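Novice: Below, each chain spelled out in residue letters.
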Amino acid sequence: MLLLLASVAHAALSSDYPGATQRPWAIGLSSGAGFRVLEPRSIPSGLAPRLDLLQLEVRYSLEPCTWSIPPQRLDLQLNTGRFATTLTGTTSARLPVTAYLTWLEPFWRRHSVSISPGMSAELGRDLVVVDQDLRRRPNASLAIAGRIGLEKSRFWWPASTTGLYLQGQIGTALSLDPNHRFLEREMSVALQYSVAFGFPPPPKDAR
Amino acid sequence: MIWLLLACQTSEGPAPGPEVFSPPTAHIGHDWLFSPQRINRIDIEIPDNSWAILAAQRRFSYPRDKAMATATLDGEDAGWVGVRLRGGLGSFEQIDGKPKLELDFNAFTGERFHGLESISLNNRSGYCTGMQENLVYAAYDQAGLVTSRTGHAQVFVNGQDYGLYVVVETQDDRWLRRNFNDPSGNYYDGKYHLSEFWVHWVDFDAGKDNWFDLEEGQDVDFDDIGAVSQAIQESQDSMSPALWSLVDWPQLLALMRVEMWTGNADSYGHGRNNYRVYFEPGRPMVMAPWDTDAGLVDVSEDTDGGSGDMALRSDPENALAQVCLADPDCLAMWVQAGEQVDADLSDGSLLTLAEGYQELLEEGIVGDPRRACSQNAWATQTERLLAYLESRTGER
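Sequence order for the protein chains is A and B.
Once you know that position 196 of the first sequence is 196 in the working numbering, the rest is easy, because the numbers rise by one and skip nothing.
Start counting at 1 in the second sequence, then tack on 1000, and there's your number in the working numbering.
To be clear, the hints were calculated from the coordinates, so they are not data collected in a lab.
All of these numbers come straight from a predicted model, not from anything done at the bench.
Hints should not be assumed to be uniformly reliable.
[Unchecked claim] Cβ-Cβ distance ranges computed for the label pairs, FRET-style:
1) A:L142 x B:D1048: 49 to 55 Å
2) A:I170 x B:H1200: 20 to 26 Å
3) B:S1125 x A:A84: 20 to 26 Å
4) B:S1314 x A:E184: 49 to 55 Å
5) A:G46 x B:V1335: 37 to 43 Å
6) A:I170 x B:N1181: 33 to 39 Å
[Unchecked claim] Some chain A residues judged to face chain B by a derived CB distance under 7 Å, without partners named:
7) G89
8) T90
9) T91
10) A93
11) V97
12) L127
13) D131
14) P138
15) N139
16) A140
17) I144
Idealized CB from N, CA, C, for every residue including glycine.
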């Protein structure tokens, strides 16, 4: 999946496709709520809420790709809200980043169904105590992610796309804290809403 | 401007307040540390690397790391101790503020201080009288319940005045020996769990027995907790014989009555929080209070009890109370416990204790450099507290 994302990004950035002159970028915000399923060692019930507040969303048109079933977008979500809360509220700063390849299927008028498989990684640094010294250790999690949703595009100024999605991911988290080392499975599901401004690829019937 | 900002960052903290600690006394046992007539001076010296550890702690960081420091209590050197920041959603403050602390005497050296494993230094978060926690702990004691002893201290960290603190006796193995005939049983903490930003309240519920934390004793895979949870499940219409025998009901009901009398809502009765349970071998489960800083607070008109009334009037809501209040025999005990606690706490002793604290603490509260309480706030809250205790003195 990572290779796939890398090759798509490379193709998009290196070619002089028409989309480049049409400003293929879109940028927006998304937020959502859901729940996480964790191992009982982390939380007694194994269930915790998931709040995706202030996620920065960057989208890039992949129109020139010449694959048999080309994805139309590369979507990147940076969970800046979680980064801010972990940075200020805990000793483990974490920035969850999720990348998707998005296929769009026209649904009705300006509405499209979006299908987005992807990968999610949570990168960060933990402050840990080793022999009475404070040290920083990396932490990471990796998960398979996906979202499916309904998007509505608006083509006049400002061009925008709103979307309602069901997002899910399943993966593992790794802590390198020598005092609390663990490898933990995690699964989560959330309902997300996004607003992005720019020129995302239009649905096929609008071209 | 930049220089001004830099100067602020490297300042030595707030200007020191008045020295309000009592003259040194003889250290026989540890009653001097938990005396209502004294303010002990406690000095904590935290080296740079330990300071960095403590400065990194945040409100939602669990478990909290202990850092090495040296401590001197009323002039007596306690040697190397562990310092840990305490407090959760309500009372946590960072090390450069007025943090709630635990001094763990035997964390690194194994050496106890006058037999004590540790003490808690509570930062009087949320109230200005400086005595409410002490009075609530004393109320449990007056009702004949197991509880912690308390005192006061003026704390200095690396020479800086951190102001007046409430000293609370930690409920450890020594505390068990002091309060029970057989201290070899299991002692569990029922405080809430915080996983990142999500709170789990802990109560007796089959399948969730491992939500308790074992503080002292042996790991029996929570079988003792589980037996109580199971007996609650079996008590559908009336209390099962097993539940009658597993819990010290007179003790538990008196504890919840004290919580109501003192308005201590952040407790087992009304909040399913801040409690411990002890399983003495061959005897029923006993509950003890912990972290009583929500008691005897200055309630406003829209809270339970209304203006001028610091008591809780609604029935407690927790797994054990629900079963008890639905059982006629237990309900009768509940009423009786209320009358007994009213009688125990209304003899004027708490009022006398509060008046003593009023005299002892005023200068330290008003002059505390890190917990700003104006003379007016201190006077108003203290006046209301004394008025409440007076109103209930002699009440039967």
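Novice: Can you give the numbers of the hints that this structure goes against, from lowest to highest?
Specialist: Going through the list in order, the structure violates hints 1, 4, 6, 10, 11, 13, 14, 15, 16, 17 and respects the others.
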